[in-house]
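These protein sequence lines are chains A and B, in that order. End of the first sequence = 190 in my numbering, gap-free, step of one. End of the second sequence = 300 in my numbering, gap-free, step of one.
Source of the hints: derived by calculation from the structure; they are not laboratory data.
A short list of chain B residues far from chain A (calculated; beta carbon distances all over 12 Å):
hint, residue
1, 31
2, 33
3, 34
4, 41
5, 70
6, 123
7, 137
8, 145
9, 262
10, 296
Simulated restraints, written as ranges between beta carbons of each label pair:
hint, chain 1, residue 1, chain 2, residue 2, range
11, B, 261, A, 96, 40 to 48 Å
12, A, 39, B, 255, 28 to 36 Å
13, A, 2, B, 229, 21 to 29 Å
14, A, 16, B, 116, 48 to 56 Å
15, A, 15, B, 176, 24 to 32 Å
16, B, 114, A, 15, 48 to 56 Å
17, B, 257, A, 72, 39 to 47 Å
18, A, 54, B, 284, 56 to 64 Å
19, B, 143, A, 15, 38 to 46 Å
20, A, 54, B, 282, 57 to 65 Å
21, B, 125, A, 16, 35 to 43 Å
22, B, 85, A, 19, 50 to 58 Å
23, A, 1, B, 275, 54 to 62 Å
All values reported here derive from a predicted model rather than from experimental measurement. Ideal Cβ placement from N, Cα and C applies to all residues, glycine included.
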Amino acid sequence: MLPVIEYNIFRHAGDSLTYDDEVVLAASVSTTIGILDGNKIGGDKDKFRDAFRTIVETAGYEDIADPSHRFEFAAEQAECQMPPEAEYMIMEIDGHVVESVRHGNVSAKIVMSGEMRSLPNGKFGLSEGDRIICATSNFYRKLTDEAILADALVSENCSEWMNYMIRRISDSCELKCGNLSAVTLIVRGS
Amino acid sequence: MLDFTLLSDRVVELMQVGGVLFFIALGAFAYIMLTILINVFKYKKKIADKNDDYLICDVAYFIERGKRDAQEDSFYISPMTEMPDNGLIAAVSDGMGGLANGEDVSSYIISRLKESYPFNFDDTAEVAAILRQISDEIYEKYKLSSGATIVMIHIKDNFMNFYSSGDSNIILMRGDKTTLLNQRQNYVSYLVKKMAEGGITTHDAYTNNRARALTDFMGNHECKVIRTSSPIRLFEEDVILVTSDGVTDTVNLGRLSKYVSPQLSARTSAERLKYAVRAKKNKRQDNYTGIIVKMERCFL
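The shape of chain A in the complex, shown without the other chains (with noise of 0.2 Å):
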């Protein structure tokens, strides 16, 4: 029985003029995040960005001849297309099993045995009820680990999660803080 992923995903300006992250969700058989900090990219943004998009709304159909090497092949693409100084992240979950790359400081948490740990590159097992975060370093600037703990653990869904640590990182600095964006994620029953 395969797992359903309920998700919510913030992006926000911040004090910026403009949004220049990119926050792609992408659901086929497999369900593909990625998260690139446009801050950490110079030149044109823009090219990026839609690059960026691709790799990750492809990542779940691309032909290619052997379907289980997917995600190596987006991360490889993302590897190739993106420039050196991009900070990103792609992960996939497919099944109970997730899947990620990153590239710089956009990293993934996720909650275990009452604890928040950092999920590693490579695939990772998930059950049912397990708790992820993935965002950009200036989205974890304002928020320990312990809050983001606490707040998945009496969060009821994903966007309850959000909104908490959204108040957690007003409070500290009035979202005046730079580019915003997160996606939370949490492994259903199917």
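Could you slot chain B onto chain A? The hints should help.
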């Protein structure tokens, strides 16, 4: 060899009685020692089965009246002797300022908590339902003309669940970080959510006249009780503070580590924090209550 024929019958009789008593005492001694050894073995096995460091709670509290006419804070700490089986409960209730009978309501909440103890650590929905029931009882009596906040922690076997309604505090100090665990249920949350959704910054949320108004509290009908769905793991030298807002309104979160430290005993931390609040000489000082729990290793 001994020749008992030289002894009188009386002496022999006494020796026989003495011998019997000696063996009874020896048997009793052996029985007691055996019982102690079995219990120590069982206890060690119980700890080993946990496959974990066994932490104990060092607990201290203070409760002080500020510039208010009455003490509207109440608190509860469960019996320490019950901790191995039922865990530790620490709760603070703060009667809502500006409303009548705050003192009665907060003490009623605490007395109902005492009645309801022990709580099921593994079913936080059940405990939250008890708190909602207490809230509804207050609602039936006062019809929103009075209310109180509640914050409660339940620590068992290195894990902690917490419950909250209103704007009192549960604070975790771990390493150099101080984190408010429970979100305050006030109008700011609603405004921030709306402004964030609208893509704007949130300065106006804090200047709104109703910003600090509570959106939920004990005494509200079917109040929302914030609760952990599964517990938070605790570590050695974690310090948990359960306080009314009278403490954090005077000594803000960022400065708590100046007075409360894992290197100090809970009692010393409690004393330092209490005197820090008093020393501020706040002319509108609210009543202030705090329970400090320090997790430390047990060297049994």
